[in-house]
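Given chain A, put chains B and C in place with the hints provided.
One-letter residues, chain by chain:
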Amino acid sequence: MGSGLLTSVLDLLGVFANGLLGGAVARSKGMDLFGFGALGLISGLGGGIIRDVLLQHGTPVALVHPAYILTALAGAGVAFVIRIEHQAWDRLFLLVDAAAISLWATAGALITLAAGLGWLPAVLLGTITATGGGITRDVILTRVPAVFTEGPLYATVAMFVAAIQVAFAKTLGAQDATGTTVAILAGITLRLIAYRRGWRLPRGLDWQPGRRVARGASRPESEDHL
Amino acid sequence: MGSGLLTSVLDLLGVFANGLLGGAVARSKGMDLFGFGALGLISGLGGGIIRDVLLQHGTPVALVHPAYILTALAGAGVAFVIRIEHQAWDRLFLLVDAAAISLWATAGALITLAAGLGWLPAVLLGTITATGGGITRDVILTRVPAVFTEGPLYATVAMFVAAIQVAFAKTLGAQDATGTTVAILAGITLRLIAYRRGWRLPRGLDWQPGRRVARGASRPESEDHL
Amino acid sequence: MGSGLLTSVLDLLGVFANGLLGGAVARSKGMDLFGFGALGLISGLGGGIIRDVLLQHGTPVALVHPAYILTALAGAGVAFVIRIEHQAWDRLFLLVDAAAISLWATAGALITLAAGLGWLPAVLLGTITATGGGITRDVILTRVPAVFTEGPLYATVAMFVAAIQVAFAKTLGAQDATGTTVAILAGITLRLIAYRRGWRLPRGLDWQPGRRVARGASRPESEDHL
Numbered sequence: 001m002g003s004g005l006l007t008s009v010l011d012l013l014g015v016f017a018n019g020l021l022g023g024a025v026a027r028s029k030g031m032d033l034f035g036f037g038a039l040g041l042i043s044g045l046g047g048g049i050i051r052d053v054l055l056q057h058g059t060p061v062a063l064v065h066p067a068y069i070l071t072a073l074a075g076a077g078v079a080f081v082i083r084i085e086h087q088a089w090d091r092l093f094l095l096v097d098a099a100a101i102s103l104w105a106t107a108g109a110l111i112t113l114a115a116g117l118g119w120l121p122a123v124l125l126g127t128i129t130a131t132g133g134g135i136t137r138d139v140i141l142t143r144v145p146a147v148f149t150e151g152p153l154y155a156t157v158a159m160f161v162a163a164i165q166v167a168f169a170k171t172l173g174a175q176d177a178t179g180t181t182v183a184i185l186a187g188i189t190l191r192l193i194a195y196r197r198g199w200r201l202p203r204g205l206d207w208q209p210g211r212r213v214a215r216g217a218s219r220p221e222s223e224d225h226l
Numbered sequence: 001m002g003s004g005l006l007t008s009v010l011d012l013l014g015v016f017a018n019g020l021l022g023g024a025v026a027r028s029k030g031m032d033l034f035g036f037g038a039l040g041l042i043s044g045l046g047g048g049i050i051r052d053v054l055l056q057h058g059t060p061v062a063l064v065h066p067a068y069i070l071t072a073l074a075g076a077g078v079a080f081v082i083r084i085e086h087q088a089w090d091r092l093f094l095l096v097d098a099a100a101i102s103l104w105a106t107a108g109a110l111i112t113l114a115a116g117l118g119w120l121p122a123v124l125l126g127t128i129t130a131t132g133g134g135i136t137r138d139v140i141l142t143r144v145p146a147v148f149t150e151g152p153l154y155a156t157v158a159m160f161v162a163a164i165q166v167a168f169a170k171t172l173g174a175q176d177a178t179g180t181t182v183a184i185l186a187g188i189t190l191r192l193i194a195y196r197r198g199w200r201l202p203r204g205l206d207w208q209p210g211r212r213v214a215r216g217a218s219r220p221e222s223e224d225h226l
Numbered sequence: 001m002g003s004g005l006l007t008s009v010l011d012l013l014g015v016f017a018n019g020l021l022g023g024a025v026a027r028s029k030g031m032d033l034f035g036f037g038a039l040g041l042i043s044g045l046g047g048g049i050i051r052d053v054l055l056q057h058g059t060p061v062a063l064v065h066p067a068y069i070l071t072a073l074a075g076a077g078v079a080f081v082i083r084i085e086h087q088a089w090d091r092l093f094l095l096v097d098a099a100a101i102s103l104w105a106t107a108g109a110l111i112t113l114a115a116g117l118g119w120l121p122a123v124l125l126g127t128i129t130a131t132g133g134g135i136t137r138d139v140i141l142t143r144v145p146a147v148f149t150e151g152p153l154y155a156t157v158a159m160f161v162a163a164i165q166v167a168f169a170k171t172l173g174a175q176d177a178t179g180t181t182v183a184i185l186a187g188i189t190l191r192l193i194a195y196r197r198g199w200r201l202p203r204g205l206d207w208q209p210g211r212r213v214a215r216g217a218s219r220p221e222s223e224d225h226l
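Residue numbers (my numbering), protein chains in the order written: chain A, 1 to 226; chain B, 1 to 226; chain C, 1 to 226.
If you're looking for bench data, these hints aren't it; they were derived computationally from the structure.
Any given hint could be a false lead.
To be verified - To spell it out: a stretch of chain C is covered by chain A in this simulated footprint if at least three of its residues, at any positions, have a beta carbon under 8 Å from a beta carbon of chain A; those stretches are:
1) 37-50
2) 59-73
3) 135-149
4) 180-187
Idealized CB from N, CA, C, for every residue including glycine.
The following block holds chain A by itself, in its conformation from the complex:
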């Protein structure tokens, strides 16, 4: 009960924060009111909708329960009215967003397991639930999705959280709330540390079978293969 309510509040807080973020991006692109609403909905609800469309187990939850649409639009509406200052909300947003992606990753993983799929799709769809909205928003804005290229661990946190959740669900059962709690706390912690310390994933390695000596030292940076 208590945990169900906490989950719902966190979930909608995450939708609101990401709706706000979508609206703020719409502002930076000079969009009109419709653009604010569209980006708010995509940022706040996109990940869960993509997961539900991929699972094909009925109309996406985000469309069925009006609270989701209204909350995402409310976030975008606030961003429409108020020009939000970085300094004023960076820290708060960081925390709410870390909690939201962690929660969404656990929810996506559990829903996938409940649909009868294995651990690998569960980790994948948990990650997509947490990151799909932001990726779709970036693609619509014709930017290469930020989570593929830059910045401190983000999608990795979601994948890590989903993996913890799946491991707990496979051992203690999907009903047990311990795994969700542990996974979310671990996700928030990892995200905050990664953000503060600038932890990043490695980019492509350069191992070339049989050519290491010949080319190793003098390879120009800009040389693109494929």
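Using the frame of chain A, we list chains B and C on its own:
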């Protein structure tokens, strides 16, 4: 009967006009025949397909009834053969397109209500039905979707039409054709007036709590937040 | 049996090759490990997933059978570790990819027919199965999809293969393996010849009713209509 036939004719006319538009865009991008076909299909059928995929109530109508694919391809094919002049068809296209987005918005709203969803998703999916094809086409062409940023009311018209349709359906019942007629006529009228007068939605407001005095006058245009 | 095994091996080889290609593209864009994985999955599995989502006949096969996800990730992982040289694998990739798009086109067409749809959607979804992953990858990288604009016949090969498969299935029945064999061999042959000879589809024609004389010779290249 008569109204069913009129609806079908309008629907396919809209598919044809948007297939033609997709083909014209393909031409402006120097695409090959396959690109013409692909953009014609996306422009003409994308909105309805997105709606049906989101609703998850069976294979999208646009894939089941061959008339849809053929009509969209026919539009793209005409755009492939003939270099269409602005002057020759601007007015005609404006009218057909205004009728098509209005019809699609009512159809999308009614289908969503029939799937058991509430008024809010019905308005949303009505709007997506009318605008989703154009948005997808723009994203594939790596343009920020035009309906988010510029031009006289377009997506707003679709939303307005869907809302009228939903209001009528909730009061007179979904079978009653009055609401559809009123909504479509209102949509065409609003679209034509908005186009002629250049009505637009507002962009983001600039209210900043506690900072209005300090920054109001001198804020540079290019300053992006977030 | 034997043909079923061959089909599975070809299918997964295609997934691996396209996962590798996705990873190579991720490298050329300076993405991190997560980007490699994401582009590998999208390139290797995107077409089949889009087909299954459009058909709405259950969770996409690529998510249900772990071999698909693992194979696509393995391809991306190889591209992450090894900087692949053009010369070393161009020919091999060309052949594997030609076989893969041909196989995917036949599979997509047969699955669509099995879902009860007609020949036209079967050809369309066969083509989408073969090309959807690459198109999605290009869109996410904010490039206009290569198959719409340039290069030797590719999507056309897929469409051609799907059409042959549908024609055989409609005459000999969907169980008969002759059509699949003929279609795949024809697809590989056409693709290799088109690649070697640089066969392309035509771009838009310039027929303008009533204006041919007046403008034919002096039309500037950059003049965009619409």
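A quick look at each hint next to the structure:
1. 37-50: Result for this restraint: holds, n = 4.
2. 59-73: holds (count 7)
3. 135-149: Three-residue rule met by the stretch 135-149 of chain C, so holds; n is 4.
4. 180-187: With 0 residues in contact (Cβ-Cβ under 8 Å with chain A), the coverage given for the stretch 180-187 of chain C is violated.
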